[in-house]
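Below are the chains, spelled out letter by letter.
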Amino acid sequence: MSAVDFEILLQQILNGLVLGSVYALVALGYTMVYGVLGLINFAHGEVVMIGALSTLSAARLLQSVLPGLPGPIVLLLSTLAAIPVCMALGYTIERVAYRPLRFAPRLAPLITAIGVSILLQNIAMVVWGRSYHSFPAYVSTEPFQVFGATMTPVQVVIIVVAMAIMAGLMFLVHRTKLGRAMRATAENQSVAGLMGVNINAIISITFVIGSALAAVAGVMVAANYSIAHYYMGFVLGLKAFTAAVLGGIGNLGGAVAGGLLLGLIESLGAGYIGDLTGGFMGSNYQDVFAFFVLIMVLVFRPSGLMGERVAERA
Amino acid sequence: MLEVRGLEVHYGGIAAVKGIDLQVSKGELVCLIGANGAGKTTTLKAIAALVPRSRGDIRLGGDSTAGLASFELVRRGLALVPEGRGVFGRLTVRENLEMGAYHRSDGEVGQDLEKVFALMPRLHERRNQTGGTLSGGEQQMLAIGRSLMSRPKLLLLDEPSMGLAPLMVQKVFETIQAIARGGVTILLVEQNAKLALELAGRAYVMESGCITLAGDAGALLTDQRVREAYLGE
Ligand SMILES: Nc1ncnc2c1ncn2[C@@H]1O[C@H](COP(=O)(O)OP(=O)(O)O)[C@@H](O)[C@H]1O
Ligand SMILES: [Mg+2]
Numbered sequence: 001m002s003a004v005d006f007e008i009l010l011q012q013i014l015n016g017l018v019l020g021s022v023y024a025l026v027a028l029g030y031t032m033v034y035g036v037l038g039l040i041n042f043a044h045g046e047v048v049m050i051g052a053l054s055t056l057s058a059a060r061l062l063q064s065v066l067p068g069l070p071g072p073i074v075l076l077l078s079t080l081a082a083i084p085v086c087m088a089l090g091y092t093i094e095r096v097a098y099r100p101l102r103f104a105p106r107l108a109p110l111i112t113a114i115g116v117s118i119l120l121q122n123i124a125m126v127v128w129g130r131s132y133h134s135f136p137a138y139v140s141t142e143p144f145q146v147f148g149a150t151m152t153p154v155q156v157v158i159i160v161v162a163m164a165i166m167a168g169l170m171f172l173v174h175r176t177k178l179g180r181a182m183r184a185t186a187e188n189q190s191v192a193g194l195m196g197v198n199i200n201a202i203i204s205i206t207f208v209i210g211s212a213l214a215a216v217a218g219v220m221v222a223a224n225y226s227i228a229h230y231y232m233g234f235v236l237g238l239k240a241f242t243a244a245v246l247g248g249i250g251n252l253g254g255a256v257a258g259g260l261l262l263g264l265i266e267s268l269g270a271g272y273i274g275d276l277t278g279g280f281m282g283s284n285y286q287d288v289f290a291f292f293v294l295i296m297v298l299v300f301r302p303s304g305l306m307g308e309r310v311a312e313r314a
Numbered sequence: 001m002l003e004v005r006g007l008e009v010h011y012g013g014i015a016a017v018k019g020i021d022l023q024v025s026k027g028e029l030v031c032l033i034g035a036n037g038a039g040k041t042t043t044l045k046a047i048a049a050l051v052p053r054s055r056g057d058i059r060l061g062g063d064s065t066a067g068l069a070s071f072e073l074v075r076r077g078l079a080l081v082p083e084g085r086g087v088f089g090r091l092t093v094r095e096n097l098e099m100g101a102y103h104r105s106d107g108e109v110g111q112d113l114e115k116v117f118a119l120m121p122r123l124h125e126r127r128n129q130t131g132g133t134l135s136g137g138e139q140q141m142l143a144i145g146r147s148l149m150s151r152p153k154l155l156l157l158d159e160p161s162m163g164l165a166p167l168m169v170q171k172v173f174e175t176i177q178a179i180a181r182g183g184v185t186i187l188l189v190e191q192n193a194k195l196a197l198e199l200a201g202r203a204y205v206m207e208s209g210c211i212t213l214a215g216d217a218g219a220l221l222t223d224q225r226v227r228e229a230y231l232g233e
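One line per chain: the protein sequences are A and B, in this order. Going by the numbering used here, the first residue of the first sequence is number 1, and it counts up by one from there. Going by the numbering used here, the first residue of the second sequence is number 1, and it counts up by one from there.
Bear in mind the hints are in silico, worked out from the structure with no lab data behind them. Small disclaimer: the values here were computed from a predicted structure and weren't measured. Do not rely on the hints blindly, as some may be mistaken.
[Unchecked claim] Computed spacing ranges between beta-carbons, pair by pair:
| hint | chain 1 | residue 1 | chain 2 | residue 2 | range |
| --- | --- | --- | --- | --- | --- |
| 1 | B | Arg-127 | A | Ala-201 | 27 to 35 Å |
| 2 | B | Glu-125 | A | Arg-106 | 52 to 60 Å |
| 3 | A | Arg-95 | B | Arg-90 | 26 to 34 Å |
| 4 | A | Phe-147 | B | Gln-129 | 42 to 50 Å |
| 5 | A | Ala-167 | B | Ile-14 | 20 to 28 Å |
| 6 | A | Asn-284 | B | Gly-132 | 30 to 38 Å |
| 7 | A | Ala-137 | B | Arg-90 | 54 to 62 Å |
| 8 | A | Leu-178 | B | Gly-201 | 51 to 59 Å |
| 9 | B | Glu-198 | A | Asn-200 | 41 to 49 Å |
| 10 | B | Arg-90 | A | Pro-153 | 15 to 23 Å |
| 11 | B | Ser-64 | A | Asn-200 | 20 to 28 Å |
| 12 | A | Pro-70 | B | Glu-125 | 20 to 28 Å |
| 13 | A | Phe-147 | B | Gly-132 | 43 to 51 Å |
| 14 | A | Tyr-272 | B | Arg-127 | 47 to 55 Å |
[Unchecked claim] From chain A, some residues computed to sit far from chain B (all C-beta separations above 12 Å):
| hint | residue |
| --- | --- |
| 15 | Leu-194 |
| 16 | Ile-199 |
| 17 | Val-208 |
| 18 | Tyr-272 |
[Said to hold, decoys possible] For lysine to aspartate or glutamate, the following EDC-like pairs were computed, each having C-alpha atoms within a straight-line distance of at most 16 Å:
| hint | chain 1 | residue 1 | chain 2 | residue 2 |
| --- | --- | --- | --- | --- |
| 19 | A | Lys-177 | B | Asp-106 |
| 20 | B | Lys-153 | B | Glu-95 |
| 21 | B | Lys-26 | B | Glu-3 |
| 22 | A | Lys-177 | B | Glu-95 |
| 23 | B | Lys-153 | B | Asp-112 |
| 24 | B | Lys-171 | B | Glu-198 |
From the three backbone atoms N, C-alpha and C, an ideal C-beta is built for every residue, glycine too.
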């Protein structure tokens, strides 16, 4: 392998890790909700979008009030403002759309999820308009060199923050009383109730935590691509869902692994598809990989890499 | 301690429990026996608010439980060891036991954990294994130990001997006896009528949703109808 080849490979891997961190954060939301409710919350991608756009609005407001505030502080504060917005949104989605259908046939909440998704897109279109918003570089997007590949500070922040959040979530779920109750609820709701666990509260908390992660992920995508719009949650949501299925839906570690892996597959695939097809297809085919992966997993290993029980619950 | 009056439970249009009366006083060990499908599990589930009742009054320590969810009944001293044990297979033995104490905020949970481990040394050996890796008998002990962690006043046990080897059944029944001696009021549902009647002070016999016999357990053990229907004589 020549030095240039290595640099290209390293570049694709770095890009893949950045993408994958975001997918993992969103995939965790899908997988946590699936864990406790056996439901695919297809509106989750829209929570990501609302997170990005409310951060943008909060940042604009903040800068008009305090014009001298440094970019990273603006981004931090406005993300902290958007998180509770998304938490409230996640809570409301569960209360209003899913809870009345808790004991309905499986298809009903699925159709509802799609309905909520369309509704949120339309609300966002009314609030933020149809146009693309450029997302300012609050954290520098000035590239620097790592072993011949380039990275931006915002990408470093994305990876570090995503890893920290995921470690925090793992600690919560596996080392705290609340996490224990969440795992017990995921395994057997009625027995968890017999232990004194308020199942409805646990389900609400699950949506709220997942939505907080979605908000952060939304900011990350917008900051990374410098763009935000009312439609951004759709494809991102589908890809994160793919990542969750790839890792084994219902499994937290699986969501993280699936997210990172999908990011790498996409990035390496987009990087090398030109060579592989003799220039016939280019990196604009990036999105194809995620859906190709989804189909392959569903056909050959529907339980995913680390999953156990899709067959019994899906 | 427990008073059930005119309890009716329906699944869809079908009545599974058809207006039963049942009462357990403080400190008693009462058993409820009956054939498969008689409605025993449904009765316990209704008491624990796992299934809604269509009619009837259930009082726990004198207070009506109407409108309370099962997680709220735990705080009032009710514990149910469900049919099939309900062990959390992906949680460790220790975590399962800690779940039993979920509603407690006193500082004596660790102490009670040690007590359960002393009563069931096998669980101590396996405390870091997941519940799913235990044998059926160990899971039953875990389910009972877990219920003790809530410090119940009234313990409902649904067929604790189901699917266990005779030696293990013996062990489980000895444990139940020890718990009863410790002052916990117990309502025991069993298909193994002989063992249950030998252990209990009073008993109820249930047949297709109704209570057909009730009385002193020793007397029922010699009752001709019981001997024919449930003791295989
Ligand atoms: N979830 C359910 N849905 C419909 N019918 C049920 C359900 N659970 C139990 N039944 C019916 O209710 C009756 C009583 O069942 P159950 O309480 O489990 O009896 P037992 O515990 O005495 O064996 C049976 O006829 C059973 O088929
Ligand atoms: Mg039963």
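Now for the hints, and whether the structure bears them out:
no. : hint                                : result
1   : B/Arg-127 <-> A/Ala-201: 27 to 35 Å : holds, 28 Å
2   : B/Glu-125 <-> A/Arg-106: 52 to 60 Å : violated, 41 Å
3   : A/Arg-95 <-> B/Arg-90: 26 to 34 Å   : holds, 28 Å
4   : A/Phe-147 <-> B/Gln-129: 42 to 50 Å : holds, 45 Å
5   : A/Ala-167 <-> B/Ile-14: 20 to 28 Å  : violated, 51 Å
6   : A/Asn-284 <-> B/Gly-132: 30 to 38 Å : violated, 47 Å
7   : A/Ala-137 <-> B/Arg-90: 54 to 62 Å  : violated, 44 Å
8   : A/Leu-178 <-> B/Gly-201: 51 to 59 Å : violated, 41 Å
9   : B/Glu-198 <-> A/Asn-200: 41 to 49 Å : holds, 42 Å
10  : B/Arg-90 <-> A/Pro-153: 15 to 23 Å  : violated, 40 Å
11  : B/Ser-64 <-> A/Asn-200: 20 to 28 Å  : holds, 22 Å
12  : A/Pro-70 <-> B/Glu-125: 20 to 28 Å  : violated, 58 Å
13  : A/Phe-147 <-> B/Gly-132: 43 to 51 Å : holds, 45 Å
14  : A/Tyr-272 <-> B/Arg-127: 47 to 55 Å : holds, 50 Å
15  : Leu-194                             : violated, 5 Å
16  : Ile-199                             : violated, 7 Å
17  : Val-208                             : holds, 19 Å
18  : Tyr-272                             : holds, 39 Å
19  : A/Lys-177 <-> B/Asp-106             : holds, 14 Å
20  : B/Lys-153 <-> B/Glu-95              : violated, 22 Å
21  : B/Lys-26 <-> B/Glu-3                : holds, 11 Å
22  : A/Lys-177 <-> B/Glu-95              : holds, 9 Å
23  : B/Lys-153 <-> B/Asp-112             : holds, 15 Å
24  : B/Lys-171 <-> B/Glu-198             : holds, 15 Å
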